[in-house]
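Using the hints provided, position chain F relative to the given structure of chain Z.
Chains as they are written, first to last, in the numbering used here: chain Z, 1 to 114; chain F, 1001 to 1118.
To be clear, the hints were calculated from the coordinates, so they are not data collected in a lab.
You may find that some hints are simply not true.
Unchecked claim - Each computed SDA-like pair below joins lysine to any residue, with the alpha-carbon atoms no more than 25 Å apart:
1. Z:Lys101 to F:Leu1076
2. Z:Lys45 to F:Glu1106
3. Z:Lys42 to F:Gly1053
4. Z:Lys101 to F:Ser1073
5. Z:Lys45 to F:Thr1075
6. F:Lys1041 to Z:Leu80
7. Z:Lys101 to F:Pro1086
8. F:Lys1020 to F:Pro1008
9. Z:Lys42 to F:Phe1091
10. Z:Lys2 to F:Ser1089
11. Z:Lys45 to F:Pro1111
12. F:Lys1064 to Z:Pro93
13. Z:Lys101 to F:Lys1014
14. Z:Lys2 to F:Gln1042
15. F:Lys1041 to Z:Asn22
16. Z:Lys45 to F:Lys1066
17. Z:Lys45 to F:Thr1017
18. Z:Lys2 to F:Gln1006
19. Z:Lys101 to F:Asp1065
20. Z:Lys101 to F:Thr1032
21. Z:Lys42 to F:Pro1111
22. F:Lys1066 to Z:Gly95
23. Z:Lys42 to F:Gln1006
24. Z:Lys45 to F:Arg1010
25. Z:Lys45 to F:Leu1046
Keep in mind that this is a model prediction, so the values were computed, not measured.
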Amino acid sequence: RKEVEQDPGPFNVPEGATVAFNCTYSNSASQSFFWYRQDCRKEPKLLMSVYSSGNEDGRFTAQLNRASQYISLLIRDSKLSDSATYLCVVRVPAGGTSYGKLTFGQGTILTVHP
Amino acid sequence: GAVVSQHPSRVICKSGTSVKIECRSLDFQATTMFWYRQFPKQSLMLMATSNEGSKATYEQGVEKDKFLINHASLTLSTLTVTSAHPEDSSFYICSARDFDSTNSYEQYFGPGTRLTVT
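In isolation and in its complexed conformation, chain Z is listed as follows (with noise of 0.2 Å):
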């Protein structure tokens, strides 16, 4: 089973909607919980982190269940610049060290079409 799975996708939607994605995570002693997004052959860059208590962001929300380890974004009035790679990322316990270690979902594509 992978750490991190992800909704596979793609999801194209027109301009205006609204898009769910979900992931979730196999690792209980899982520490922090992101949402990246990546555009086409670029780096990931940080579009939120999640907390158990649901963060908004503009029209961005994420939420986290910890009892389900479950993770979730939500993309209100989906914008042309919108589309992209997004990534579900967890942070986990790694060798001895109090950092630990990223581990990234698979990405879920999403297309914004006029």
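Here is chain F on its own, set in the frame of chain Z:
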């Protein structure tokens, strides 16, 4: 925000040659740097974690003699792909942690290096 640079941005080399990729933290000190590899249509896979002044820790399945990592200073880490083969063609991305940041858990990613081995 903190900036991480990589050089070169893309490189084409012949099979059997070695390629060195540099990763620099431009405006902060990075005690820890990470090297990732991303194959087409796949996600980032951690190859190794390097700490300044000590040996890198490699992930399972990554050959340490083939992927040489040197983290000689707090602002520079290098990855050398030795005796490269076509299957090593990939997008290599480095990342660094800011030692002095109040949020020292945040990682900053470099722009990546696209390696093509012919």
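Would the pair Lys45 (chain Z) and Lys1066 (chain F) pass a check requiring their Cα atoms to be no farther apart than 25 Å?
Distance ~28 Å between Lys45 (chain Z) and Lys1066 (chain F) Cα, so the pair is violated.
Between Lys1020 (chain F) and Pro1008 (chain F), does the CA-CA distance stay at or below 25 Å?
Within the cut-off at roughly 9 Å; holds.
Holds or violated: Lys101 (chain Z) with Asp1065 (chain F), Cα cutoff 25 Å?
22 Å, holds
Hint check: Lys42 (chain Z) vs Phe1091 (chain F), CA-CA at most 25 Å. Holds or violated?
9 Å, holds
Are the Cα positions of Lys1041 (chain F) and Leu80 (chain Z) separated by 25 Å at most?
21 Å, holds
For the pair supplied as a hint, Lys1066 (chain F) and Gly95 (chain Z), confirm whether the alpha-carbon distance does not exceed 25 Å.
Distance ~22 Å between Lys1066 (chain F) and Gly95 (chain Z) Cα, so the pair holds.
Given the hint that Lys45 (chain Z) pairs with Thr1017 (chain F), test it: the Cα-Cα distance must not exceed 25 Å.
32 Å, violated
Starting from Lys42 (chain Z), check that the Cα of Gln1006 (chain F) is at most 25 Å away, please.
Answer holds: Lys42 (chain Z) to Gln1006 (chain F) is near 12 Å, not above 25 Å.
Taken at face value, is the distance from the CA of Pro1111 (chain F) to the CA of Lys45 (chain Z) at most 25 Å?
Holds, because 10 Å separates the two Cα atoms, which is no more than 25 Å.
Starting from Lys42 (chain Z), check that the Cα of Gly1053 (chain F) is at most 25 Å away, please.
Answer violated: Lys42 (chain Z) to Gly1053 (chain F) is near 29 Å, above 25 Å.
Distance restraint between Lys45 (chain Z) and Leu1046 (chain F), which requires alpha-carbon spacing of 25 Å or less:
It holds: about 16 Å lies between the C-alpha atoms, which stays within 25 Å.
Quickly compare the C-alpha distance for Lys2 (chain Z) and Gln1006 (chain F) to 25 Å and report which way the hint goes.
29 Å, violated
Hints 3, 7, 13, 16, 17 and 18 from the list above are not met by this structure, while the remaining hints are.
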